[in-house]
Amino acid sequence: MDQQQWEALCEQCGLCCFEKLEDEDGRILFTSTPCRYLDITTRRCKIYNKRFKVFPECVQLTPELVKELKWLHRSCGYKKAMRKGIL
Numbered sequence: 155m156d157q158q159q160w161e162a163l164c165e166q167c168g169l170c171c172f173e174k175l176e177d178e179d180g181r182i183l184f185t186s187t188p189c190r191y192l193d194i195t196t197r198r199c200k201i202y203n204k205r206f207k208v209f210p211e212c213v214q215l216t217p218e219l220v221k222e223l224k225w226l227h228r229s230c231g232y233k234k235a236m237r238k239g240i241l
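Using our numbering, the letters of the sequence shown map in sequence onto residues 155 to 241.
Derived from the structure by calculation, the hints contain no laboratory data. Keep in mind that the hints are not guaranteed to be accurate.
For each label pair, taking beta carbons as the anchor points, the in silico distance ranges come out as [claimed, not checked]:
(1) Arg228 with Asp179: 31 to 41 Å
(2) Lys174 with Thr195: 20 to 30 Å
(3) Cys164 with Arg190: 36 to 46 Å
(4) Leu183 with Asp156: 30 to 40 Å
(5) Leu223 with Ala162: 25 to 35 Å
(6) Phe209 with Gln157: 17 to 27 Å
(7) Gln158 with Thr185: 23 to 33 Å
Every residue, glycine too, gets a C-beta built ideally from N, C-alpha and C.
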């Protein structure tokens, strides 16, 4: 899968761009605070092409991370691809 195909899996929900907290039991708590670079109307990153340079804390999703991360929603396009066996 090339980079363009990988990125096409994203459904632009923006949910991964909201702050999350993990409690002492390992549960992920989602906040209503978006990343400052997320356009909450379009759910698109305002700095997408340079996001890792401008905001190093941004998580670069990879197939390996998608399989490990607990905070990606079940409705995430990457998670759906994983369940379908595409990843």
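We went through each hint and held it up to the structure:
| no. | hint | verdict |
| --- | --- | --- |
| 1 | Arg228 with Asp179: 31 to 41 Å | violated, 20 Å |
| 2 | Lys174 with Thr195: 20 to 30 Å | holds, 21 Å |
| 3 | Cys164 with Arg190: 36 to 46 Å | violated, 20 Å |
| 4 | Leu183 with Asp156: 30 to 40 Å | holds, 35 Å |
| 5 | Leu223 with Ala162: 25 to 35 Å | violated, 19 Å |
| 6 | Phe209 with Gln157: 17 to 27 Å | holds, 19 Å |
| 7 | Gln158 with Thr185: 23 to 33 Å | holds, 31 Å |
In this structure, the earlier hints numbered 1, 3 and 5 are contradicted, and the remaining ones agree with it.
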